[in-house]
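Just so you know, the sequences run in chain order B and E. Going letter by letter, the first sequence gives residues 162 to 479 in my numbering. Going letter by letter, the second sequence gives residues 19 to 319 in my numbering.
Calculated directly from the structure, the hints in this document are not laboratory data. Here a beta-carbon is modelled for each residue, glycine too, at the ideal position from N, C-alpha and C. Relax, there's no trap hidden among the hints.
Derived list of chain E stretches under chain B, where covered just means 3 residues or more per stretch with a C-beta under 8 angstroms from a C-beta of chain B:
| # | region |
| --- | --- |
| 1 | 83-92 |
| 2 | 180-193 |
| 3 | 242-256 |
Below are the DSSO-like pairs computed for lysine-lysine, each with C-alpha atoms no more than 27 angstroms apart in a straight line:
| # | chain 1 | residue 1 | chain 2 | residue 2 |
| --- | --- | --- | --- | --- |
| 4 | B | K467 | B | K438 |
| 5 | E | K102 | B | K467 |
| 6 | E | K105 | B | K467 |
| 7 | B | K398 | E | K92 |
| 8 | E | K238 | B | K172 |
| 9 | B | K438 | E | K105 |
| 10 | E | K92 | B | K467 |
| 11 | B | K438 | E | K92 |
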Amino acid sequence: MALVTVWIHLKTLSQQTILVGVIALWIGERATRVVMILRRNIGGDLTKAEVEALPGDALRVTLRIARPWTFLPGQHIYLYMPSIGMWTSHPFSLAWSEAEQDLSAEKGLPMDRHEVLSMQKSTMSLIIRRRTGFTDKLWKKAEKSPEGRFVSSAIVEGPYGSQNLESYGHVMLFAAGVGITHAVPHVRSLCASYANGTSATRRVVLVWIIQSPEHLEWIRPWMTSILNMDKRRDVLKILLFVTRPRSTKEIHSPSASVQMFPGKPDVGALIDQEQVKQVGAMAVSVCGTGSLGDDVRRAVRERSEKTSIDFMEENFSW
Amino acid sequence: MNSASLYFAIFITTVTAAGSSGEMEMSPSEIENHRISWYLGYVWAATIGALLLHRLWLAGIRHVRTLACLENEKQQYFVVPGSKYAKIKRHILDAPLFSKRHNREFRLSTAVNVGTLPGRLQTMYLVGYVAMNIAFCVISIDWSGPSKELASEVRNRTGVLAVMNMLPLFLLAGRNNPLISLLDISFDTYNLIHRQIGRIVVFEALAHTLAWMVNTVNTKGWAIVGKSMASSQLIMTGTIVSFGTRRILHSLEANLCERLPALSCQSCSCLHLHCVMHTTKPSFMYTSCLQLWHWSLSGSI
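Bound conformation, chain B alone (with noise of 0.2 angstroms):
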């Protein structure tokens, strides 16, 4: 409307002209927009999202979309769920993908390595903390539906971002509760890599702050399935705080690289710690409350000038 208004103010002065760029630049976002959602979530079977209620308050949106992409790392999408949000969109990070058999497909057995990837479709997983609004909205109806889950139809607006730490000997991840889903992927991609040969990443600390051990049940299938893989004990350490436990009994550490601690990290003494045997450029990110995000920072920036670290920050802010 204001566009409409400056058009008609501008209609003797050669000003008009530039309005002509500003609207061509509105159109074409909102065109872009569209281009992808047809994109992506038309073809075959329409999107379909599967959300499941999880203890401590989050929930688990598994995606089934129409015409995936290749997952990356640092990935986001925004959700539009009709049922629930009408036309309102919501962004997440990409915490998880899946690939599938598509049984779908009538072609019989795969007869080579060709076929049976391409026989393959991607899901791919969010975890949404239930705040207000849309979030609340979704856990209310997971929470009532049998089983605490239900499918519905969604649309998916995506991927945006994506980011490679694979140049790094060093990566320092410090997740704070739903944070945690940025981390995972960098996790899963930077062992694959290491197990692979195609990365300099040589050491990768997962640093997680939850408020209840509960809150492990969130990521705990895709964990499970990265403690599998080939090599991980020579790359990775976990290490989780539990900032408020109920009981010292809850807090218990499985192994030597996955370690359990009451209270908050200094944040401080683990960067040293690391620092003391960095191997190669080192990257620490974090992706979790503002407040963390300043803590982290403010480490890394003390410390920046005796080894060499990159500081990213992944915030939800505005």
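Mind docking chain E on chain B? Use the hints.
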């Protein structure tokens, strides 16, 4: 998909920033306005160019580092930082505005969040952009000339700049902004710049409106102010946009500190519309249509 939209965006922006020139006789101040529009375009191009170079340089380093370390278990060469770049990262690139606070929100209570502080480099860029706009609004204007010419020059200059700034305003507004993937800068940062440019556009439009009013009041009197708003298409649409964009600013401002100037603009504009209505005594139908148009502006983004 993204490279196509990038080329399209650049093409559209440069072609239209040129405006239509050369066909008609232009007065010296019009020529100056055109030149300043081009300067603004050059600044955008230079910013994008510099950021692109930086990004390509980093990408090159990372690629070489990956290849060099494929068979290298200790990678000691890459542990040692380049001291100049490490200092730049510490004090400028990664630095929060003051000593610590960046993404931890300022909360008046658990429910009310009034925003975050931008980082140091982001703040430097935003301050620079605002200063540049102020500079462009005031250079090459004959401040000692007669007030009629002065006011009309200021009116023209601020109007041109407000419209020019709408180009980056709309480009940086959306999630499919091609500069996100080109420069490897997140949508959140562009949103910060978009909001700042929005404030700049609103204030330039306000200055534009005031300059026009000063001129009209001095030469023809207050009655003509209201009459033009009601009857001249140029002035009516201008009034609507001027008020409407101020309302948008007010309704979108999350940060309390920025709400106060927007609120004062908003109250001035409401008072003003009220005065206009009184001096011209237009029909009820007309007033309500105007009001509806005005309210709908703030609802549509």
